[in-house]
Amino acid sequence: MLFQNTLEFAKNLDADDALRKYRDAFHFPKVDGKQVIYFTGNSLGLQPKSSQVFVNEIMTDWKELAVEGHFHSKKPWWDYHERLAAPLSKVVGAKMNEVSVMNTLTVNLHFLMVSFYRPTDKRYKIICEEKAFPSDQYMFQSQVKFHGFEPSDAIVEIKKRDGENYWRTEDIVKKIEEIGDELALVLIGGVNYYSGQVFDMETITAAGKAAGAFVGWDLAHAAGNIELKLHDWNVDFAAWCSYKYMNSGPGNASGVFVNERHLNNKKIPRFEGWWGTKKETRFLMKPEFEPIDTADAWQISNPPVLSLAPYLASLEMFEEVGMDALIAKRNKIVAYLEFVLKSIDEEVEQSTFEIITPEDRGCQLSVFLHGQGRPIFDYLMKRGVITDWREPNVIRLAPAPFYCSYEDMYRFGQILKEGILANQ
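In the working numbering, the protein residues as written are 137 to 560.
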């Protein structure tokens with residue numbers, strides 16, 4: 137399609153958008169009385185209007201039923217989490233028995249590493265990407281030290297080539313092959329938080345498995361954003377937060393994937409708690425742990441239903457729309473945003489920014505601001521463009537397909553041009 141950087145063209149794209157009605161299903165903040173242009177769904181998704189209904193339902197049941205709400209509410213609390221399995225399995229490309237919801241992201245990664253980082257004197261190294269999200273870095277360091285290894289030796293960071301802003305798959309595969317039988321675990325962010333690059337998870341997973349290592353993925357920026365086929369790709373485990381592209385609310389519950397070949401494996405170590413035991417015998421208070429034959433076996437405590445309620449509300453929309461439709465709009469609206477950015481760059485006197493996100497991408501474009509910096513970000517925020525700043529000089533733009541419009545992209549471009557001209 138030949139794009140045009142005009143308001144009329146953007147409105148025509150919106151008129152033809154099959155997902156346009158979902159924009160009205162979300163609450164938008166306002167700046168100076170006007171609805172914002174929201175680019176930070178990669179950090180915190182907007183609130184679905186239906187979330188309040190789902191939360192209120194639990195509050196009413198708590199008020200009227202108290203403890204009986206566990207079994208006699210409309211959506212009984214004791215198995216509330218199971219309602220999320222079907223829609224989540226479609227989002228991440230898994231079987232229903234391979235997914236569960238519990239805790240928060242880094243907590244779940246730690247729990248999963250109990251099972252899948254099992255170092256020996258020879259096979260103890262972890263491969264991750266250079267400058268992974270800080271929480272992942274801290275997790276890796278604490279895990280290897282817990283097992284008696286030095287982070288500088290046990291953690292292998294894959295670096296980008298000099299002068300490039302992205303990782304090359306062949307470099308990752310080469311490093312996996314180089315480490316070989318010293319490699320215990322490959323654990324990488326499926327979509328890099330800083331650049332928005334999507335890693336070739338299928339190829340990297342195959343390479344890690346061929347080396348005899350476990351392979352897991354941190355899908356914080358991937359779940360609800362890109363096509364995932366965790367089961368088909370033979371991934372061992374994965375975890376993701378729910379509050380970015382899946383709009384479940386700040387700090388909300390995390391999802392996990394455990395490949396079905398690891399279910400019912402009595403040899404696999406795991407930290408265990410009451411809610412991972414079989415439902416049929418859970419309330420018999422038996423001293424022996426009898427794991428559920430699904431990923432729920434990794435659950436420790438009963439599910440936080442007040443957190444799961446808005447997650448379920450959002451997942452109902454995912455179930456209704458489907459990832460194929462979301463990805464189709466994502467591709468088109470990100471392409472239009474890129475076109476608008478390049479058009480604005482041509483309209484100002486000198487080149488002022490650079491898109492550092494490669495073609496392998498999801499919703500996000502990361503833009504390096506040459507010679508502009510923080511004043512442009514501040515200008516955008518004051519004008520009602522909610523975007524994200526990352527040091528030293530990058531803004532991240534993530535037009536989530538559920539609620540961002542093509543007109544948003546056009547209006548953002550006009551505000552950006554005003555800001556550049558004002559700061560030259």
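There may be inaccurate statements among the hints.
Straight-line distance between alpha carbons at most 35 Å, and here's what the computed DSBU-like set of lysine-lysine pairs gives [to be verified]: (1) K185 <-> K422; (2) K185 <-> K296; (3) K185 <-> K157; (4) K365 <-> K157; (5) K258 <-> K199; (6) K170 <-> K422.
Think of the hints as simulated: they come from the structure by calculation, not from any bench.
Do the hints match the structure? See the list:
1. With a C-alpha separation of about 42 Å, the suggested pair K185 and K422 falls outside the 35 Å cut-off, and the hint is violated.
2. Taken as a hint, the K185 and K296 pair is broken in the structure, with Cα atoms around 42 Å apart against an allowance of 35 Å.
3. Under the criterion of a C-alpha separation no larger than 35 Å, the hint pairing K185 with K157 is consistent with the structure, at around 13 Å.
4. In summary, the hint linking K365 to K157 is supported, as the alpha carbons are separated by about 28 Å, within the 35 Å threshold.
5. A hinted pair counts as satisfied when its Cα atoms are at most 35 Å apart, and K258 with K199 does not qualify at roughly 57 Å.
6. Restraint check: the Cα-Cα separation between K170 and K422 comes to about 58 Å, which exceeds 35 Å; the hinted pair is violated.
Going down the numbered hints, you'll see the structure goes against 1, 2, 5, 6, while the others check out.
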